[in-house]
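Visitor: One letter stands for each residue in the lines below.
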Amino acid sequence: MLQTPSQTVGPYFAYGLAPEQYLYDFKSLVGNEMVNPLDHEDAITIVGKVFDGQGVMIPDAMIEIWQNDGQHQLFGRFGTGTDVESRFVFYTLKPVAFNGQAPHLSVIIFMRGQQIHSYTRIYFSDEVEENSKDEVLNLVPEGRRHTLIAKKKGSTYEFNIYMQGDNETVFFDI
Amino acid sequence: MSQIIYNSFDREVQPAYLTPEYKSTIYRAPQKPLVLLKQSLSELTGPVFGDFNVGPLDHDLTKNTVKNGEPIGERIIVHGKVMNENGLPIPNTLIEIWQANSAGRYVHKVDQHEAPLDPNFLGAGRCMTDTNGNYKFYTIKPGAYPWGNHYNAWRPNHIHFSLFGVNITNRLVTQMYFPGDPLLAYDPVFLSVPEKGRELLVSKFDLSATEPSFALGYRFDFVLRGYKQTPFETL
Ligand SMILES: [Fe+2]
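Protein chains in written order, with the numbering used here: chain A, 1 to 174; chain B, 1001 to 1235.
Derived from the structure by calculation, the hints contain no laboratory data. Where is the CB? At the ideal position from N, CA and C, for every residue including glycine. Do not rely on the hints blindly, as some may be mistaken.
Here are a few chain A residues that face chain B, going by a calculated C-beta distance under 8 Å [unchecked claim]:
1. Tyr-24
2. Leu-38
3. Trp-66
4. Gly-70
5. Phe-75
6. Tyr-91
7. Val-96
8. Ile-108
9. Val-170
10. Phe-171
11. Asp-173
To be clear about the criterion: a stretch of chain B counts as covered by chain A if any three or more of its residues have a C-beta under 8 Å from a C-beta of chain A, and this derived list gives those stretches [unchecked claim]:
12. 1127 to 1134
13. 1197 to 1203
14. 1210 to 1217
Put together the whole structure using the sequences plus the hints.
Guide: Put into structure tokens, the structure is as follows:
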């Protein structure tokens, strides 16, 4: 059987996929609190922006994060359209190394102008040793690895996504 | 021993990232080659929504947000089956939909198309597939709407769909179209799909799903990425 072709998420997904975040009167099934930060002292914050090929912030992207490190299975979704700086924000527990892989999160990116979603991963800047042994990071040309590593600033990790350009984020064929 | 490897996107039916006729792709399509990843626990699992309480009317867009009456427009039923490339049904998976109202207007705040909003129609819904992979929505047929891609550009009638499947390789966001729509021949979003894949995005009128004196039925099946079983790599 042939795969159903993908089509863009378009500009108007908010009231269907993230209604509470965008203040529509409809219940959200999922949001950006993969864990409630008030319940977890050790929760981390992931924050970032998405940039297009002209360096312009993208205010109509939707980001999903999937975490399965053998200990926790967590999922979050957030649109870049409700923050004045078009940021996405997620709250989760820091993943642990598992099966020889460095701690990481799987990221799925959707937006108007993308006919198929993009996959990437978030690694962590304070896991230098684990990162150096990670099979997936080692597949990536050395000069591009930094695009997959979130920068630690306190309990917050900053991860920007560049769709194009010299710093284009590494996207995976998974 | 063997292991399961999920298939990649089938480039014979999937659109390319860059399709300049659809102008927004020009600065948003990745330009560097994708890095092929060996699938691990992260890729071979995904969110399970069984625990979420999908509301009893969430699958019925004609009822799930009414304020003071019924939504205006032609009631329709959209149903079908979710499968994978191996032909196996995918039970208990979440499907989310969103669409314009019958006048071609989205509730979304950035939609400035001068067509009326419908106080009784948000245009969003969701359901889980049943144990055989089947799903069913009740809704209002969406109208066509203009967009700014080029002079006199109109999107064909369509419903947006989001599916999860069994793991994150299965994730699919797409649009369902209606049979015989003359706008399909002019729509760069639809036409970005290789010819071989286009008919897969057009629903079929289904008299057997049509409810007498109530609503027309349309059938739309989904095929998510399947898998191959390969002998275990010996190290
Ligand atoms: Fe649309």
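Visitor: Now, for every hint given, state plainly whether the structure supports it.
Guide: Results of checking the hints against the structure:
The beta carbon of Tyr-24/A comes within 7 Å of a beta carbon in chain B, closer than 8 Å, and the hint placing it at the interface holds. Below 8 Å, beta-carbon pairs count as interface contacts, and Leu-38/A has none with chain B, the closest being about 21 Å; its hint is therefore violated. For the restraint placing Trp-66/A at the interface with chain B, the shortest Cβ-Cβ distance is roughly 5 Å, inside the 8 Å limit, so the hint holds. For the restraint placing Gly-70/A at the interface with chain B, the shortest Cβ-Cβ distance is roughly 7 Å, inside the 8 Å limit, so the hint holds.
Interface hint status for Phe-75/A: upheld, as the beta-carbon distance to the closest one in chain B is roughly 4 Å, under 8 Å. Against a cut-off of 8 Å between C-beta atoms, the interface hint on Tyr-91/A is violated, since the closest Cβ of chain B lies about 16 Å away. Taking 8 Å as the C-beta cut-off, the interface hint given for Val-96/A is violated, the closest approach to chain B being about 12 Å. Look at Ile-108/A: its Cβ gets to within about 6 Å of chain B, closer than 8 Å, so that hint holds up.
The criterion of a C-beta within 8 Å of any C-beta in chain B is met by Val-170/A, whose closest approach is roughly 6 Å, and the hint holds. Because the beta carbon of Phe-171/A sits about 5 Å from the nearest beta carbon in chain B, less than 8 Å, this interface hint is met. Taking 8 Å as the C-beta contact cut-off toward chain B, the hint placing Asp-173/A at the interface holds, the least distance being around 4 Å. With 0 residues having a Cβ less than 8 Å from any Cβ of chain A, the segment 1127 to 1134 of chain B misses the three-residue criterion, and the hint is violated.
Counting residues of the segment 1197 to 1203 of chain B whose beta-carbon sits less than 8 Å from any beta-carbon of chain A gives 4, enough to reach three: the coverage restraint holds. Here's how the segment 1210 to 1217 of chain B fares: 0 of its residues keep a CB closer than 8 Å to some CB of chain A, so the rule of at least three is not met and the hint is violated.
Going down the numbered hints, you'll see the structure goes against 2, 6, 7, 12, 14, while the others check out.
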